[in-house]
Amino acid sequence: SVWDQVAHTALGGIAMSSGDVADDHYHRFRADVAIMAKLGLQAYRFSIAWSRVIPDGVGDVNEEGVRFYSDLVDTLLEHGVQPWVTMSHWDIPAALSNEFGGWLGPK
Numbered sequence: 002s003v004w005d006q007v008a009h010t011a012l013g014g015i016a017m018s019s020g021d022v023a024d025d026h027y028h029r030f031r032a033d034v035a036i037m038a039k040l041g042l043q044a045y046r047f048s049i050a051w052s053r054v055i056p057d058g059v060g061d062v063n064e065e066g067v068r069f070y071s072d073l074v075d076t077l078l079e080h081g082v083q084p085w086v087t088m089s090h091w092d093i094p095a096a097l098s099n100e101f102g103g104w105l106g107p108k
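Counting in my numbering, the sequence shown runs from 2 upward without gaps.
Honestly, the hints are just simulated from the structure, not real lab data. Hints are not guaranteed to be accurate.
[As the list claims (entries may be wrong)] Below, simulated SDA-like cross-link-like pairs (lysine to any residue); rule was C-alpha separation at most 20 Å, straight line: (1) Lys-39 <-> Glu-79; (2) Lys-39 <-> Leu-78; (3) Lys-108 <-> Asp-92; (4) Lys-108 <-> Asp-57; (5) Lys-39 <-> Pro-84; (6) Lys-108 <-> Val-59; (7) Lys-108 <-> Trp-51; (8) Lys-108 <-> Ala-95.
Keep in mind that this is a model prediction, so the values were computed, not measured.
Work out the full structure, taking the sequences as your base and the hints as a guide.
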């Protein structure tokens, strides 16, 4: 994604960290959702990363990425937490940004 590119440059690495792992929600979402339910949260807003579902922006779908979001939604619902999904937040696949100049590109 565009964010991944920036995070791996000197500009993104100012804090000496790319943020690749961060809170590791990708691997810990089941435990995270259990904590949400324990706290009494009624809803959880998250973004579907375009680059996780369709890495090149067009073409083949990453089934593992789709499965992650499907499992996340199922887990939220099982715990009584309503999923609020943002379809496109700000990050786009790097391949599209590189080819077309991102959202502001003339194409």
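Checked hints:
no.: 1; hint: Lys-39 <-> Glu-79; verdict: 13 Å, holds
no.: 2; hint: Lys-39 <-> Leu-78; verdict: 14 Å, holds
no.: 3; hint: Lys-108 <-> Asp-92; verdict: 17 Å, holds
no.: 4; hint: Lys-108 <-> Asp-57; verdict: 16 Å, holds
no.: 5; hint: Lys-39 <-> Pro-84; verdict: 16 Å, holds
no.: 6; hint: Lys-108 <-> Val-59; verdict: 15 Å, holds
no.: 7; hint: Lys-108 <-> Trp-51; verdict: 18 Å, holds
no.: 8; hint: Lys-108 <-> Ala-95; verdict: 15 Å, holds
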